[in-house]
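Asks: Each protein sequence line maps, in turn, to chains A and B. For the first sequence, position 194 matches number 482 in the working numbering, and the numbering has no gaps at all. For the second sequence, position 10 matches number 139 in the working numbering, and the numbering has no gaps at all.
Simulated from the structure, these hints should not be mistaken for laboratory data. We put the CB at the ideal spot given by N, CA and C, even for glycine. Any given hint might turn out to be false.
What the hints assert, rightly or not - Only part of the chain B face toward chain A is listed, based on derived beta-carbon distances under 7 Å:
id: 1; residue: Asp168
id: 2; residue: Val176
id: 3; residue: Asp204
id: 4; residue: Leu221
id: 5; residue: Asp224
id: 6; residue: Pro229
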Amino acid sequence: MAIRLLLADDHQLVRQSLRALLEREGYQVVAEAGDGREAVRLARELNPDLAVLDVAMPELNGLEAARQIGRAAPRVRTVLLTMHDEEQYVAEALAAGVKGYVLKSQVAHDLLRALEEVAQGAVYLSPRVSHVLVDVSLGRRRIGDDPLTEREREVLHLIAEGRTTKQVAAALGVSVKTAESHRSRLMKKLDIHEVAGLVRYAIRRGLVQP
Amino acid sequence: MTARALSDGGAVVVSDRSPRGLEERLEQERRRIAHALHDEVAQLLAVVQLALEEVRAEVPASVRSRLAEALARIDEAAGRVRRIAHELRPALLDDLGLMPALEFLAAGFAARGGPEVTVEGSAGGRPAPATETALYRIAQEALINVVRHAGARRAEIVVEAADGALRLTVRDDGAGFEVARARRPGAPTLGLLGIEERALALGGSCEIRSSPGAGTELRVEVPLGPAAGVPLDGRAGGLGGGDPSAARR
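Model the full structure from these sequences, guided by the hints.
Replies: And the structure:
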């Protein structure tokens, strides 16, 4: 059965050429949306396998649309198709639960590959920006408005993986006392006071996979 | 400039002559042009790229390499358009907010051979767009100063939200200067005037601490509440007394 796909971009010309490309490859484009809000509505109504979203859209940008689709229709896998190659966008997209990130300049090379991978449950980022995934998962990079320092994010990452303070200290090559103070400082900053809460926060931030 | 524009026949109608009003309109204009470049020109180039990429598979090998050459030029043009748009006003600031925009700014300075700049803290959510813009531009101006005058190796940007206010601190380990001397009439302003103007326009305050050899610290604090205005008596920050190394306005 053909993979069902929703296409959202505010440029009709872009939608047209993408649609032609995708249909030639056997995808079934079940709907097109011209803005983010419409994309969310259609995703909820039609429950497609994939939603390909532009970032710069009126009403609701693609990042926010992806976030809302994730809540309203969690079965739909979202792929961002964008001009933005800044790492901050990629990090934010991952935090929004996006499964694919394709640069518009690389569409011809990357989009079909990305859709194939994402449809099978994998995550795909255009090679030019794929290093961000590594940075994020190691806690080296903040996502959005994150009050933590890099060190505190590393500690959070390790705690969320279930390590004890002693193990955290060993992993980072610092004393238990230092690890303990990182830990209490980050808990205070986040106003989260038990480990389960930290794990939830880390998952939401994309620091660890659920 | 406003006065001249009006006397030249009123080609430009300016109803709000405060620096804040002018700056806001400039920023809107930058945003509009950046958006048009990024979203219209660059998108069209992407469509052309896709069309040519598809043709490439169908043409004889002799034509293919010339086509590849043309595609590379289009890629270059698209990159340039994006860069110009970004320099006018980073879309990041609108799409993602102050912290990611500051991070990108900091990385850019380091990548161009400037000091290493770290960004820490949190704006505690998304402040009003005018506040985000002002703090971003202030940080940008401050980093330009660091690069031009301070010869610093490291700089640090910290954002803190507390007690209904948002505080931006830009610190460097560079040459520093005598604050009192920099304030004398006729002294090079180091862009400090613009920074102060932006802070005051939001009803905030601005403080610079520096002395030769000891680096520089700029602290700007603006209220987080909606509709922050300029106090009429200009009392915004109060005249901080006591510390001779601190100039406050």
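Asks: Does each hint fit the structure? Answer for all of them.
Replies: Do the hints match the structure? See the list:
1. Evaluation of the Asp168 of chain B hint against chain A yields a held restraint, the C-beta minimum of about 5 Å falling below 7 Å.
2. About 5 Å separates the beta-carbon of Val176 of chain B from the nearest beta-carbon of chain A, less than 7 Å, and the hint is met.
3. Of the supplied interface hints, the one on Asp204 of chain B holds, with its beta-carbon coming within about 6 Å of a beta-carbon of chain A, less than 7 Å.
4. Here the hint on Leu221 of chain B is kept, as its CB sits about 6 Å from the closest CB of chain A, short of 7 Å.
5. With its C-beta approaching chain A no nearer than about 6 Å, Asp224 of chain B sits inside the 7 Å limit, and its interface hint holds.
6. Proximity of Pro229 of chain B to chain A holds as hinted, the smallest CB-CB distance being about 4 Å (cut-off 7 Å).
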